[in-house]
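J.: Chain residues, written in single-letter form:
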Amino acid sequence: MTTKLRITLQVQAVLKVLLDEPFGEHYGLEVAREAGLLSGSVYPILARLEQADWVSSEWEDIDPVAEGRRPRRYYRLTGEGIKGARAALTDTLQRISPRWNQAKPSPGGSGA
Amino acid sequence: MTVKQLLVAVIVTLVLPMLPQELYAWCPTVAGWLIRLAARLVPAPHRARYAQEWLAQLDAWEGRNLAALLYALSILFQSPRMRLALRGSVLAPPQRRRIRVNPRVAYRLGVVLAALTAGSLTAWLSLEVGGPVLTGLVDHSTQGAAALCAGVACFYASRRVPFVGRVLTRALRLGWRLLGAAAVSSGLATLLGAYHDRVPLRETPLPLVDAWSLAAIPLLVTGMLAFPIAVGQPAARIRTLLDALIIAASLLAVSWVTSISPLLDPINQLGAAPAPRAQQAVELARPIFDILVATVALSLLARTRGRNPAPMTMLCLALLALAVASSGYVHLEATDRYGTYNLIDVGRVVGWLLILVAALRPIAAHAEQREQREQRQSLARVTLPYALLALAILTMITVRLATDQLNRFLLLDSIVLAALVIARQLVTLMENQQLNRRLERMVDGLSEREAQLERALQREQQAAERLRLRIRELEGRMEPGRSFKGLERSPPESP
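If you're matching them up, the sequences are chains L and W in order.
So in our numbering, the last one in the first sequence is 758, and the numbering has no gaps at all.
So in our numbering, the last one in the second sequence is 496, and the numbering has no gaps at all.
So here's chain L without its partners, still in its complex pose (with noise of 0.2 Å):
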């Protein structure tokens, strides 16, 4: 089952991190780092997309006592959420490139 999600500049972050490396994995910390979001707040949108079956999560599996720390969750993007975050950035750019166009001065314009 997937629900609606809404696309916010914040989930275009996460899901640039994500596609970044689509058959990677990440953990939260390290999304909320290369996002450059608050910690916290990576958290509800990786929830959001998790509810949205464009992200799974599983446990890493090692053992805490050789490794020296708690075994960390990773998420990394489900099939349609590759297609899905592909279109939505790709829907982002192109509302964005025509204002960039017009705002870049034209080779032969009146300014030269």
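Hints are all accurate, no fakes.
Here are a few chain L residues that face chain W, going by a calculated C-beta distance under 10 Å:
hint	residue
1	Tyr673
2	Glu676
3	Val688
4	Leu692
5	Ala693
6	Trp705
7	Gly714
8	Arg716
9	Pro717
None of these hints come from the bench; they were simulated from the model.
For each residue, glycine too, the CB sits at the ideal point set by N, CA and C.
Since the structure of chain L is already known, use the hints to place chain W on it.
T.: For chain W alone, kept in the frame of chain L given last:
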């Protein structure tokens, strides 16, 4: 100077300078509290998962206490958003209608009931309320019921083990299940024994009931060993093994004098019909198994430190109580001082009740490995094998003084103990030598690095000196009105 002024002076000079450091040191603990609080704010089915996930991230901030606190605050501030995101979540497991027991309440209730039960039984046995027959029945029934309750609690504990990695979780579950099986087996055997005392059954001879009761011991020992404990270096493992052997040999000496020897003494069996071999074997197995249980308990007690996913200290104390009570029973039985009940039986009830309380103890949703690493082994635990060695020596001296001779077995045991202590010292010596060599290598490396830096510094100083001389020389040559070009044309001085 008034008391108030003195107090202010103490606060200003002693407390205030320490305050920032103290606050800084408390940051990770407070961060842990905040994260647990944040986890309590998300919907109930997700609490355990997010508590574990967020606490696991705290390890990334090790040594950066303030950053850990900020991280926890950030998590706490975002918990309302988290709650909204997870409300009506499809990830929530289907809610089953079941009675929910608050673990803290269950634990407190368990502690109070256990204390009441042990106290009441002690009072009953001391006062012999209702006569010896009823007191004996109450004694055995309480032992059986305590063991059965402990068994149920252990199986319950195995179900609520939090996920702390696949290997660790499996080990914890196995440990609790084996302890549960041991407790249920012992409880049923005790109740059957009590019933057998009232209504003699031909189909279930007493040695069989005793043997069943003894079958609980291997389960108990395996259960304790199944719990995860820190694995050290090979030398440390050998040291642990030697410590366990010292404990076992010491206990054997004490048990030989108090339990095994009276069992084998023909004077005690004089006038009585010779017991069947099976019964003799069961009677002899009991003190030997007690030594095994006590050795495992004491060895684990000496190794356990810091917070553990399983309450090892409580479990070790429970095993000790069971072993002491069982050996006491054997001693009293062998010297014909055990009637239908004895105050020593309270030890067994206390042992099972301690296991029950340990199983009910609320489990932290994480294994505190960091705390475990940081906490050092206490001196009392390190010297535990030597304390038992001292007890064994004291027992041997007492026997020697009382009988004017030392039994051949005790002599052999003392030789084995001496050999084990020597081996233990050799291992420690080797470990120290290894450590010294490692330290020497480190010191050599540092000295070499220091010499290199000193040489580099000298070279730099010489170069700076040469440069300073050159500048002075150039300044001397520079006459008023003369251009710098003339200087450039002058032949360069050798450095």
